[in-house]
Structures are given as structure tokens and as C-alpha cells.
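The primary structure of each chain is shown beneath.
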Amino acid sequence: MSFILNGQSHDIPPDWADEPLLFLLRENFGLMGAKFGCGVGICGACTIIIDGVATRACTTRAGDVDGLSVRTIEGLAEGDSLHPVQQAWLDHGVPQCGYCQAGQIMAAVALLDEVSDPSAEDIDAAMDANLCRCGTYLRIKAAILSAAEQV
Amino acid sequence: MRRRALLAAAAGGLVALIGAGAGVWSQVPVIPARPEPDAETALSWIAHREGRYTLTLPRAEMGQNIATALKQIACAELGAAWEVVDVVLHATDMPRVKATVGSESVMLFAEPLAQACAALRDALAAGQVAGQVSVTPRPVADLRSLRTGGLIGASPEITQGREIVTGAPLYAADVHLPGMQYGRVLRAPVSVEVESRPVRWNIEAARAVPGFVAVVEDCGPPIGKAQGLGIVATRPGALVAIAEAMDVAWSMATPHARSDIARAVDVDVRLSQGALPHEVLDGAPEDGAWDVDLRIDVPLAAHGPIEPRAAVAAWQDGALRVWAGTQDAFYIRDFLADAFALPAMAVTVQSCRIGGAFGGKTICTVEAEAAALTLATGNPVKVQWTRAQEYALGFHRPPSSHRIKARVAQGRVTDWDHAQMSSHIMFTAAVVPPWMQRGTDLFAGDGGVARGMAAPYVLGRARAAYDMVRLPVHTGPWRGLGAGPNALAVEIAMDEAALVAGVDPLAFRLAHSADPLLAAVLARVGEIAGWGRAPAPVGGLRAGRGIACGTYKDTSHAAAVADVAVDAKGRVRVTRLWCVHDCGLVINPDQVRAQCEGNLVWSLGMVLTDDLPTDAGHVTAQTFADAPIPHMTDVPPITVDLIQSDRPPQGAGETAMVAGPGAIANAIRAATGQRPTRFPVRSEDLGA
Ligand code: FES
Ligand code: FES
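Keeping their order, the protein sequence lines are chains A and B. Using the working numbering, the first residue of the first sequence is number 1, and each one after it goes up by one. Using the working numbering, the first residue of the second sequence is number 152, and each one after it goes up by one.
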């Protein structure tokens, strides 16, 4: 079993195949961006992109990404140059505690990859299931709109 | 020796070490020591070496972005460029700092930090390159960083922002150590205030689960009265399968005497038994009929941070090292040293960025679990609570029940009586053991429950008093402590009093305001919201506009206006929010705004969603679906206006909680004619 992780091929160790993908990424590959928030697909803190689709890593079985391409927040920037969504997040001072933000950013990247010029309704539809207890929602919306001008 | 660790793999030599002192957990609580910061201590927060500075953050970073604000102070005072100051989060190997609570990080720490930086700057200018600097505090007017200009009043890119947006490890659960294993402590599905312990489990079935490492009976102090059973695995997901396979049978004492929580805190039942013992306002209202007489109920609520608490513990070089997302690393250190009979020197706690705390990450729970499991197995152990554990084992905003009355004559409140029944916030059972509770319950009030009961108005003969009762759920500090619920009750009653008096609610509040700064934020919010104009109509829905204001901890002020739209089924949408905020000198306006925005989203949650379901005194919520928090589409456009002030800086992390909920509740009244008094509001109370 193997998959593409941020552009590179990796084996899925057999004893990790039944683990949630979130734990494979975090604890086996050391990619700590995606977060555990609820473990049942409700909060979106673990959002990553599988073959272009924003997906909950906590409810995806690691073995099920065999042959697929997984993109995490660690794969967005090219060297020191941030992805426009990451830059927009800094420009708008979006993060408070920051814990939800990797998931928010990946959901936003998936949205912009699909709809380069999203309407407010598109943003609501794509982002409403990503929870933020700190209440950064308005800044997330503003950051997505300004990133859309860059991508 | 009662402590045993059943290990599948051979354990290290440390199992013996934890045997000492065996299993009888200390009955004397470790009380958080909270020294006030001073310039002398602040010298240990800032260091210089070869042209670079290191600022060791004396606070926990949990989303208030205090690392950014304090770095602004340091750079401004040192005259140092932003790029040459590195910020690191503290560990307990520096002099003790008080817990990060009460919105105090700028209010109490800015000046000592500025004094220390000024002393360091002068020492460097005098040619000193090594050794200790001494500080003689100078007049505040001589400090460069406590006045607007340059970095003060600016909003640079937030510290750790780059790490957040690139997914770099920052939080306790992101710590990864060689040979690390994963732990969980199972506890009975019953109230934490009912004695419970594991009695039987299927060890063979557990061993058969791939990844199984150990069952650990001595897995740290109980949480409340719930003794746990530890499990350790090589992969975190295996913990679920192991727990299931173990099929633990629990011994559980009979249900808690106050399992009916709503009845236990029913203020009218309590008032029928006599006067309330703890007075906040001691006026003597006259007997007679009341113009306003409302019963307001606010339920148990979770903090709901997206990060379930986590800790990593390891035994390294003869000492216990713990990484924690805690509001009080020093308390965690003291607690662990006491619990595991280690000298304080042999325990170090490293603060990690916290994924939301809101008052809920002040006590020692998951850290002790991780420590016990690492001591039992000899390997580093990571423990992160499940969402269900957060609800069942954490402490929560206590439910409160208010009877609030006012009498009005010639447009003024002449008599006021606010009675509150709640549960403990400061002397919570999550920290204080039963024998000590008996003492505190007899004599002590609770400043957390009282917070915000003294209304910021001149109200004639005004009385406010409260009592508390111990509940089967753990209660404690929650953003604003009592101030949120108390201000909600006060602002609803003021709104009703204005209605009875036939006076505009803004003018009514201005006429009663006891503080010109409060009057100023009120007047200003009226201006920016266009108070007096009808709210924008929303296609066929009942629209309404409400106002509220308040003062937090005597020093910071906020006023808010809300517009709502209510449909025929009684479903409420908040359609617009305005807030004016005065917290004195503003170091970082963008982050103060962010705190206001966050508080307004919390205000919306407080009125519309916050509720933690229980059954027979046991929290039954398992996921966010059972204890919902606001979503993106619940949040309307928000306008925040900050008062420019040269008062010393005050707190901003909780202030708007005294204004937002009342404004929304009063807007619902304006829209529907129904005065919401049970929270969160229910659509069946608001149907057309
Ligand atoms: S952790 Fe995956 S959705 Fe919450
Ligand atoms: S920034 Fe804290 S949960 Fe979103």
C-alpha cells in the first residue's frame, strides 16, 4: 500500500492501515498540521485534501488512501513563499488560538481550487462545517475573498 | 504495594520508582500560587545575546495573541527591531508567574516588562554585555512603550502566525518524542462526584488487540471521585479498540443527591428557604409590588475549545518532563510533584500554545494521566482527551438561576433586587477536596459567581445576593466567569424597566450609568449603529433591535447593539452586531478587535446554543452535535469600534461578554414581544 503525500510517494505501514488517516499523518509521518478536534467528522480541524476534495482525516481509514494523493497544510508553501491562502490568513490576522486553522485553510484551498471566484454563498457552503470556537469566521471569509484575487 | 502495571512489553526501571508512596492520593490540595508580576521578576523574561533578544513569554498563549502584544511592548521599550526579538513560551524552569486568567496579560504584565526592557536597554547603552541587569522602576511617563506611537497601537503580523498557517508543531499534542506511546485513562460513565472505580476487565481480549502495550491500574489521582484505569498502545487509534475489548465493569456509588441540576439551582426554591448569604449590594429595597419581576435561567455550558486537552510526559535524565497546553504551568508542576512524590526540581512543565482554553485549562488532569502512564511504562506517553472526555471530565460554566426585580418611578429605578443561585467557580470541586469544601461552603462566598452582580448603574435601594450549591458536575471559570450570566440578567431587567418607564433603553441606561466611561461607550454605540432607526427588515421575518452594556472587573467597558430576525417558527438569526469597547491604552488594535469579535460570537452562542446536556447528574454530551457552538453562517456582519484612550491598558479578553448577550436577548424581545428568560432561547417560546 502506498500513497502520494504532498507530491511524494510513501508506503502505508501495514499496522497503520486501520488507524484513522489523521493519526497516520500526525504520528507516523510527523505532519502535525491537521488536528484532532472531535474524531467523528464534525469539527473539520483535521481537514486535508484527497484527490482535490476537502476530506476529514479523522474518519478516513489510513489504508483507504492507497493509490490516492493526499495534500496537507505542510505541502502548501513553496519554500519560504506562502500559498496565497496562507498569506491572506496572516494579512487578515485570522488565527486566534489557531487550532482550527489548518483545517480551515485546507477547506479554503479546496474551495478556491474548484471555484476561483467564490461568492459569499459558495464560501458559506464550503466552510460552514469547519468550526472555530474562537469565532474567527468573519476574518476567514474576508481572507478567502482576498486570496481569491491572488490565485 | 497496590500499584501495578501489567505490561505486554518489558517496562523500564521506572515502574519501581512510582511504587513509592503507593496509591493514596494526597488529600491536601495544591493551591495555585499567584504572585503579582513586578519589574524584578520581569528581568527573567528578557535576555540579550550578541545583538538578539529572547522574550520568554510570562503568559500562556491561547489565542489572545499576547505573544504579539508583549513583543510590541518589548521592541518599543528596547528600541529593537521586530526581527531581532525571538519569543519563546515559558517552562517552569523560570521564576514562577501567575496563571493566565482574568484578561490580565497586558493589564498586569505590560508595565513590569517595559520596566525590565528599559533597564536592559540602558545597561546595553552603558556598555554592559554580560551578567545581571538591575532594575529601578521609573515613572510610567518615562517608559517609551506605554504610549501610542510606533509599534504601540500598530498591528504587526502575529507571533507564531507563520507556524500556524504552515502547520508547524505548536500545541501539546504536536510534541513527538522517540519511542513515544499513546495513553488513555478510562473512567466510569457516571457523575465525577460519585465514587467510581474499575473492578473487572478482560485483559486477554485487550492483549489480543494489535498495538496493545499495557493496562495501568495506578493511573494518577482520581478526577473528582472517579478512579480510572489506564491503557497504553503503540498507536493512538488502537486505544479505542483496546477500551472496547477490555469491557471494564465499574463499581459506582448510588446517584448523587442533587442529580436534578435544574432543581438544585432553582432560585425560587432557594429563596423560599430564606435569605441568600452572600451579599454583593447591601441596599434595602422597600416592600411592595414590583414593576419588573423576572426569572432568568442560564444552563450548564462547556467551553468547547476545538483542542481537547493534551499532554506529553517523559522521564528524562532523572526528571519528569511534561508538555502541556495549560493556563498555569507552575500549578501543573506543583500538582505533579505532589501527586507523584517528586521534588519540584524533578518536574518541568513546558507551556505549549493552547488550542483554546477560555478558563477551562486551569487545573491538572490530562497532565497527571500522561505522567502516571509514562512512570508506569518507562516510555514517553501522549494523552489527548476525546471530545466526550472533555465534556464528562472537564469543568463547565455553572448553571445559574436569577430572580431579578425592579421598581420604577419618574423614569428612574428606585429599588432593585437581584438574587442568584448557582454553583462554584473559584472553590470548585474540581480543585478543592470535600473536607475543605465543608469549610469554604460555610464561610466563603465566591468572587467568580459574584462577578458582574453589582450592576454598573445607580439603582436606588439596590440589593444583590447569591448562594451556591454543590452539583454532580464540575463547574468553574468560563469566559467572564459570572459576568456573562449576571450581566445578561441585569441587562434584560434594565430593558424591561425602561419599557415600564416608557423611556428609550439607551437613554434609560445613560440616565442610570454610574461611570462616564460606560456612558461614553453607550453613546458611541448608539451613534455607530444608528440607534433609534428601525432594524433593516428581513423578508417577512420579525425584526428587532436591542442594546446592552456593561463593565468588566471595574475597569473595561463595552456596549453592543444587535439586530435579529425571527421567523414564524421562532427561529432566531442575529443579522447585525455593533460593539464599542474601552480597555484603556490599546497596544494592538487588530487583536483587541479580534477579542471583541470572539466575545460577540460567544455572546451569540450564549443566547442561542450553549447548553451541556446531562442525565441524572452525568454529562451525556459526546460530540459537538450534542453541545453545539456557533457556525460561520450564524455570525452576522460585526462592527467594532475601539475607544482611543490613554488610561493604563486594561483587559480585553472577556469584556464584550457583558454586553453582547443582553443586546441579542433584548433584540429578540423587540422583535417578538416575548421576553426571553430561559437560555439558550427555544423556538417554542418565540412562535408567531
Ligand atoms: S477531528 Fe476530524 S472532523 Fe473533528
Ligand atoms: S482560532 Fe481558535 S478555534 Fe479557530
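Treat each hint with caution, since some may be false.
Sample of chain A residues facing chain B (criterion: CB under 10 Å; computed from the structure) [said to hold, decoys possible]:
#, residue
1, Gly7
2, Ser9
3, Asp11
4, Ile12
5, Gly67
6, Leu68
7, Gly75
8, Gln87
9, Pro95
10, Gln101
Computed beta-carbon distance windows for the label pairs [as the list claims (entries may be wrong)]:
#, chain 1, residue 1, chain 2, residue 2, range
11, A, His10, B, Ala497, 51 to 59 Å
12, A, Asp18, B, Ala495, 37 to 45 Å
13, B, Ala292, A, Ser146, 34 to 42 Å
14, B, Gly282, A, Arg61, 57 to 65 Å
15, B, Pro340, A, Ser146, 18 to 26 Å
16, A, Asp18, B, Ala400, 25 to 33 Å
17, B, Ala400, A, Gly79, 53 to 61 Å
For the record, the hints were derived by calculation from the structure and aren't laboratory data. C-beta atoms are modelled at their ideal positions from N, C-alpha and C, and glycine is treated no differently.
These are the hints, each one checked on the structure:
For glycine 7 of chain A, the suggested interface contact is broken, since its CB lies about 15 Å from the closest CB of chain B, more than 10 Å. Contact between serine 9 of chain A and chain B, as hinted, is not supported at the beta carbon level, the nearest pair being about 20 Å apart and thus beyond 10 Å. This hint is violated: aspartate 11 of chain A has a C-beta 16 Å from the nearest C-beta of chain B, more than the 10 Å allowed. The interface hint given for isoleucine 12 of chain A is violated, since its Cβ lies 13 Å from the closest Cβ of chain B, which is over the 10 Å cut-off.
Interface hint at glycine 67 of chain A: violated, since its Cβ lies 21 Å from the closest Cβ of chain B, which is beyond the 10 Å cut-off. Among the interface hints, the one on leucine 68 of chain A is violated; its C-beta lies about 19 Å from the nearest C-beta in chain B, farther than the 10 Å criterion. A least Cβ separation of about 9 Å between glycine 75 of chain A and chain B falls short of the 10 Å threshold, and the interface hint therefore holds. Evaluation of the glutamine 87 of chain A hint against chain B yields a held restraint, the C-beta minimum of about 8 Å falling below 10 Å.
Here the hint on proline 95 of chain A is kept, as its CB sits about 5 Å from the closest CB of chain B, short of 10 Å. Nearest Cβ of chain B to the Cβ of glutamine 101 of chain A: about 5 Å, under the 10 Å cut. The hint holds. Restraint check, histidine 10 of chain A to alanine 497 of chain B: a C-beta distance of roughly 40 Å breaks the suggested window 51 to 59 Å. In this structure the supplied range 37 to 45 Å holds for aspartate 18 of chain A paired with alanine 495 of chain B, their Cβ-Cβ distance being about 42 Å.
At roughly 41 Å, the beta carbons of alanine 292 of chain B and serine 146 of chain A sit within the given window of 34 to 42 Å. Under the hint 57 to 65 Å, the C-beta atoms of glycine 282 of chain B and arginine 61 of chain A, about 59 Å apart, fit the expected range. At roughly 47 Å, the beta-carbon separation of proline 340 of chain B and serine 146 of chain A lies outside the given 18 to 26 Å, and the hint is violated. In this structure the hint that aspartate 18 of chain A and alanine 400 of chain B lie 25 to 33 Å apart at CB holds, the actual value being about 27 Å.
Between alanine 400 of chain B and glycine 79 of chain A, the C-beta spacing of about 56 Å keeps the proposed range 53 to 61 Å intact.
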